[in-house]
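Residue-level listing of the chains:
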Amino acid sequence: MIITVQFWSYFADYTGCKKTEIETENGTTLAKLHERVCEQFPKLAEAKNSTLKAVGVNYQDDDFMLSDGDEVSFFPPVQGG
Amino acid sequence: MKTQLTISIDPIDEAALVKRREMGDGMGAVVCFSGVVRGREGHASITAIDYEAHEEMARHQFGLIFEAIEQRWPVDSVRLVHRLGLVPVNEPSLWVEVIAPHRAEAFAACQFLIEEMKQKVPIWKKPLPA
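In order, the protein sequence lines correspond to chains A and B.
For what it's worth, my numbering labels the leading residue of the first sequence as 2, then goes sequentially.
For what it's worth, my numbering labels the leading residue of the second sequence as 1252, then goes sequentially.
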């Protein structure tokens, strides 16, 4: 299945891109995808513990099971206001 | 509860927003908050902050916060404006108005809204050094 991954704020500087597509096997969890992305973009791993994760417009837990076509966002703590 | 959410690169016109205020029947408290860009970030002087948002998710998350307010306080109206892009020092990046029957719930809901925003709404800032 194909997952679209978006990086926001300075995470896009860490990866050098705002968006990428990752092909992964069925049954991949959000945590597994995050690990995979950290391997692909090692600088992201430095911020692993503070990374926020969303699927579509909702925050999701690490054990969230991804589906084909999901849009996943990884980003640092938010700073609105 | 009436809600109005604006996320835009346009400057926040506070006077115009106040002029468009609509007081519901029985409402006696209006709390307004402006978040203004400071000239310093830590120890460094800055000229502006560049705001970025995951806008679709930000709208959804604001909606969830508005729903939580409606369940918790008898608030009649919430209006919120968040500016994106470059916001110069001394200009507002955020404007919030909460209208309720009494001041206690208006203050509490406004504080809650801003605290929740700072935890959950995907907006980020990049200060521009002077």
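If you are wondering where the hints come from, they were derived from the structure by calculation, not from laboratory data.
Bear in mind that the values here come from a model prediction, so they are computed numbers and not experimental data.
Do not take every clue at face value.
As the list claims (entries may be wrong) - Straight line, CA to CA, 27 Å or less: simulated DSSO-like cross-link-like pairs of lysine-lysine:
#, chain 1, residue 1, chain 2, residue 2
1, B, Lys1253, A, Lys49
2, A, Lys54, B, Lys1377
3, A, Lys19, A, Lys49
4, B, Lys1253, B, Lys1369
5, A, Lys20, B, Lys1253
Quick rundown of the hints versus the structure:
Restraint check: the Cα-Cα separation between Lys1253 (chain B) and Lys49 (chain A) comes to about 39 Å, which exceeds 27 Å; the hinted pair is violated. For the hint linking Lys54 (chain A) to Lys1377 (chain B), the alpha-carbon distance of about 20 Å falls within 27 Å, and the restraint holds. Taking the CA atoms of Lys19 (chain A) and Lys49 (chain A), the gap is about 17 Å. The hint holds against a cut of 27 Å. Proximity of Lys1253 (chain B) to Lys1369 (chain B) is assessed by CA-CA distance (about 22 Å); at most 27 Å being required, the pair is judged to hold.
Proposed proximity of Lys20 (chain A) and Lys1253 (chain B) is contradicted: the alpha carbons are some 36 Å apart, above 27 Å.
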